[in-house]
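Given chain A, work out where chain B should sit, using these hints.
2 protein chains.
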Amino acid sequence: MEAFLNPKSVLLVGVTRRTGVGAYNNLEVMRRYGYRGPVFVVHPSETEIFGHPTYRSVAEVPQVPDLAVVSVGRDRVVPVVEDCVRKGIRNIVVISQGFADADAEGRALQDTLVSLCRDKGVRVLGPNTMGTLNAFDGFSTAFIDIARDPAPPPLTLVAQSGVLQVGIESFTGRLGKAIDIGNGCDIHFVDALRYCADDPKTEIIVLHMEGMRDGRTFLEVAASIASRKPIVVLKTGRSRAGARAALSHTGSMVGEDAVFDAAFQKAGLIRVRTMVELRAVCKAFLHFRPMVGPNLAVLTATGACGIMTADACEDFGLQLAPFPEAARSLLENPKIAWHHLGNPVDLWPLGMVGGSFPEVLEKAAEALLASEDTHAVLAIFPRMASPLHDNLRYEALLRRVQEKNGSRKPIACWVYGDGAREEAERLDRVPGVACFAGIDEAVMGLAATYRFHRLRQRAVSKTFVVPAQVREKIQAPKGMLLGEAAMEWLRRYGIPTAPSMVTDEPEAAVGWAHQTGFPVVLKVVSPQWVHKSDAGGVVTGLDDPDVVRGAFNDLMQRFRAACPDGELTGIQVQKQMSGWEMLFGIKRDPQFGPVVVVGMGGIYAEVFQDVRRALAPVSFEEAMDMITSLRLYPLLRGVRGQPPAHLESLAAALVGLSKLAWDHPEVAELDINPVFAFAEGCCAVDCRIILG
Amino acid sequence: MEAFLNPKSVLLVGVTRRTGVGAYNNLEVMRRYGYRGPVFVVHPSETEIFGHPTYRSVAEVPQVPDLAVVSVGRDRVVPVVEDCVRKGIRNIVVISQGFADADAEGRALQDTLVSLCRDKGVRVLGPNTMGTLNAFDGFSTAFIDIARDPAPPPLTLVAQSGVLQVGIESFTGRLGKAIDIGNGCDIHFVDALRYCADDPKTEIIVLHMEGMRDGRTFLEVAASIASRKPIVVLKTGRSRAGARAALSHTGSMVGEDAVFDAAFQKAGLIRVRTMVELRAVCKAFLHFRPMVGPNLAVLTATGACGIMTADACEDFGLQLAPFPEAARSLLENPKIAWHHLGNPVDLWPLGMVGGSFPEVLEKAAEALLASEDTHAVLAIFPRMASPLHDNLRYEALLRRVQEKNGSRKPIACWVYGDGAREEAERLDRVPGVACFAGIDEAVMGLAATYRFHRLRQRAVSKTFVVPAQVREKIQAPKGMLLGEAAMEWLRRYGIPTAPSMVTDEPEAAVGWAHQTGFPVVLKVVSPQWVHKSDAGGVVTGLDDPDVVRGAFNDLMQRFRAACPDGELTGIQVQKQMSGWEMLFGIKRDPQFGPVVVVGMGGIYAEVFQDVRRALAPVSFEEAMDMITSLRLYPLLRGVRGQPPAHLESLAAALVGLSKLAWDHPEVAELDINPVFAFAEGCCAVDCRIILG
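Protein chains in written order, with my numbering: chain A, 12 to 703; chain B, 12 to 703.
Since the hints were derived computationally from the structure, they do not count as laboratory data.
One should not assume that every hint holds.
For chains that are exact copies, the list does not tell them apart, and a pair is met inside one copy or across any two.
[Unchecked claim] Here are the simulated lysine-lysine pairs, DSBU-like style, with alpha carbons at most 35 Å apart:
1. 98 - 346
2. 19 - 131
3. 212 - 415
4. 131 - 346
5. 543 - 586
6. 489 - 586
7. 277 - 212
8. 374 - 346
9. 19 - 212
If we strip away everything but chain A, and leave its shape as in the complex, we get (with noise of 0.2 Å):
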């Protein structure tokens, strides 16, 4: 990635002498962004553009450059992206849109320069896209002229489009460097990341991700940077709407939003949402040290403003913070003795009657940091542009505070009124202090960085790829197996189901529910009748041979009325079990493989979809963290006098399940429902495999 980044030599291929206002000239934009190297032009006609000599093909270049940038139509860019190759240029960025964003056309376009590429071990960036931009040395492939940083920082974006480099402010708010991979034909996020991990000059990971390919290794890869530099990620086409047009904009196959939920949560990532987190989450980790702690101080001139940070502590998983006593003797004032002191800690009282609110805040400030008890200040106070309150200054206040507190706690600050803009400015230059735009954008940059210390001390180190291992095939002729067949799959992945048996005989069913014991079930298996309870296939609570006689018979004529030339494989005859319906199952996700899924069973499962994805193979641990978010938790811990249902059991089926999903891809969804959960253990009561 070096040579994309910060390249010797460039070659340019599709720039013109149209300079100034609406050129879009990217030798032009490089040129004043910064680069001092050698840059070549290839032009068919021109012998100069802008003091360059030209080349009339890329074969005349009288050197091997570093970097070739692409940017003719889309027809020509094969012929030229094939002129490089043979030039023995090693990197290339494919400005030029119309592949894989376009038509089938377009499409097939993007995989003859992929394999052109491929072959001769050619890396390109692209096509669609801006490439890259490199505030440290001064580089930049854009046709549009982007703000140099004059003092980068150390914050790295990887994109899907251009406009977050242009967008600069409104996105991540500052940048260092850039790399924008549009479709991603070859360079992709993996090789993105694994550049970041190394780059001395990165320290914080900014994703903007459409889709995804190589989903496993992208996990892999970024697992093993997350707990050492925070990787943040606004994933788009969250809706059925943005999916679709993400579809159209990069080509990229967005699979299901939570399964990306599942996969960030795995592999330690810090997703966003919305723009305005992403500007606030940017900011945190540009100024702070990550909170080691929950518990958030705040100073505030009005008591408003406590109450809307207390709500949005609750929204973002932050908490107040302990009053520390300390504090009490150190700000009372006996000519307010009305006044309250707790967190939030309202100010205003104590600065109208003890002289300066400034001076009141530097001792609050102060105070508060030094309580054990506080990870971070929120620090919320007016600057007016009237000269009537020059005295609300707080640069020099907080930078006292922060050489006491060796700037170890944050102190995030929302700065109000008509001067607060310029304030918001010079505060942000303090070590340690960053202003936002609104409490609500401080409370959820604080909260982002006490995210990154927890991944930070997250000792167990997840897996996300595991060797192959050949072991024998699910194989069903018609792509499904259902009742026994499917039920003997789960159990040699260790998953206990009820006992049951198969036949077509009335009387080997009775013969088998005498032996195990009333009450059983009886269960059509039929291929055509997948809904079987819907279908009338099911009979439950069956209690003495006579019954169960009966109904045997009634099934195998109910079955034959309906479907007359059905496939009807026997009638199962199973122990009856009880207990909370839960269900369990797989899916294969096109961007990260086999996902399991557990959730509460039954007949409310639909409406309520209270379900918990990740992505196999789960450990122990991550399935009982499955188990114990799931909202219907605090029933299986037993309520009502009933015993707590053996939870170590339904993990250990998750896990085995997992096992399933990664053993078997020709696996394409597999349900289970119900499976029982009850005091003594689990048990699987109905399968379902669908192969493909």
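Relative to the frame of chain A, chain B by itself:
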């Protein structure tokens, strides 16, 4: 209220000669803000302040001023107010803190203040307030110098804090008028709303609310305005920590936040949850005519932002407009036949190939606005400070577009890039155009205008206050009514109940069951066993006389063993019902009075909290809305071959319950759990009424 916002003359008590920085002198601030009327100053020792002669006491003032503004220490407030009342002053602002916001003594002082004014019909604003602001007429009682809007917007703020006046930009963006009710000892939201209703300079009403009083009257007044003028409410103290903080800020007792939701919903208020949302929504109302449908057309310079917009639409209840076919031929460019035209419209390729991006934007905006299926446009485009991009100017073009459009349909913009802020300020001046801080903000704002459109169309007028009816009070010696005694009250309000009787004779139970039909249920009725299921006091599925007899004796013994001195009303024998298990309830909210609740019953009720609340009385339509918006509603419509539940019966029962709640303020709490819903109707099975 007029005298509070535009007084003919003002009396100030509590100002000093201190001036300039740090003085917070409200005489100085008032004059700077633009008040030109006569100001009388009372001061015990000075003879003159800022050129105003002073008076030793209120009595000495030569006129009766229209408004008094009091900012002395809390101990001197009552005597000063007494002087004002004696003088004949009708309107008083008490700036001072330390009342119900502080301690018991402060609360008592506030009560004194209220009673001495109420008797004389004198109105008080505050205490603990910044008072009022009126940018039209140039009046402010604030002690902080606030910039006066040169072209005041028709937006009036009613708040419980001065911070929304000081931090205008961060909250409502701009302010025409503001009223800070502070502790709200006398003037409260209702008074302020009535003023706003009739004020021709108020078209948008914004409430910042920490707590509520006279909730019913408030809602009635609000509902009478809400379809003419949008009422936007930022209700804080949503969280438990926030509610605690609210109590200590303005002494507001805050009830359950979900009840506020139900109340706002009923009255047609537009609730916002964060400052970000408040700013966005205010801006939308200040700039736009409401969207008359949910369809948004998106014009964007980048596909990435189209995806983000699609996500935001789903988050906030808008949808992407269908792309109008008429626009296709207008915008298509044969040079990039691969370019996909749809909504969101990615304009950049068209701009690059077709000439100028702004030209394409203009053409596209016109074409999309012309479509009947487009209700608003969101335009997303870059503006760079660089001279290389000086062509990216939009003001004139949007002006042309809006002239053709007659600014009927909103054009929301989001401009990014390093020249964006100045461009946004210019665009904000184009009628019907508003620039937002980001995509989410734009969509939030637009969605609020569409919500207001629907409120304008709402035909049904809701009732908040019903004349009190003289009725028999519900009585119970120990404050709790159980079993049949409670069910009797349900029947009086037309709520069907399961047939049952209470007896302490086993044979009477057997006889009743025989007559009514098996199976039956037996339940212990005792105030000691309110949670009788958990205590083992319920036996179900009894289907013959012997079983009933055995279970009856068993229950008697079990109760006696557990509670030797317990009070046993008897054993209830009840026909066993079945169906969907639901619950009904009545709660009494401190602000809004009787609230009815409907939700999922049974063992999952607590973990899923699938309930809907509404203020009593509820109409049949409201009751149907509550039921159909439950998450379990799809099940009630009938699933898996089961017939649908009889929704009309459920709704009618809920209406009856809401009448009971309204007629019987002595009912503190009522729970019907379960109510069974089935194909033919519904039926209450158990009820508990708590009085108090």
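Structure-based check of all given hints:
1. In this assembly of identical chains, residue 98 and residue 346 lie within 35 Å of each other by CA distance solely across copies; the values are 30 Å between and 83 Å within a copy.
2. For the identical chains of this complex, residue 19 and residue 131 are intra-copy neighbours only, at 21 Å inside a copy versus 86 Å across copies, given an alpha-carbon limit of 35 Å.
3. Proximity of residue 212 and residue 415 under a CA criterion of 35 Å is satisfied intra-copy only: 28 Å inside one chain copy versus 52 Å between copies.
4. When the C-alpha separation of residue 131 and residue 346 is checked against a cutoff of 35 Å, the pair qualifies only between copies, where the shortest distance is 32 Å, while the shortest distance within a copy is 81 Å.
5. Within a single copy, residue 543 and residue 586 get their C-alpha atoms as close as 17 Å, and across copies as close as 32 Å, so both meet the 35 Å cut-off.
6. For a Cα distance limit of 35 Å, the shortest separation of residue 489 from residue 586 inside one copy, 28 Å, qualifies, whereas the shortest one across copies, 50 Å, does not.
7. Proximity of residue 277 and residue 212 under a CA criterion of 35 Å is satisfied intra-copy only: 26 Å inside one chain copy versus 55 Å between copies.
8. Taking the shortest alpha-carbon separations for residue 374 and residue 346, only the intra-copy value of 18 Å comes in at or below 35 Å, while the best inter-copy value is 67 Å.
9. Taking identical chains as interchangeable, the C-alpha atoms of residue 19 and residue 212 lie at most 35 Å apart only when both belong to the same chain, with a minimum of 19 Å there against 65 Å between chains.
The structure fails none of the hints (numbered hints given earlier).
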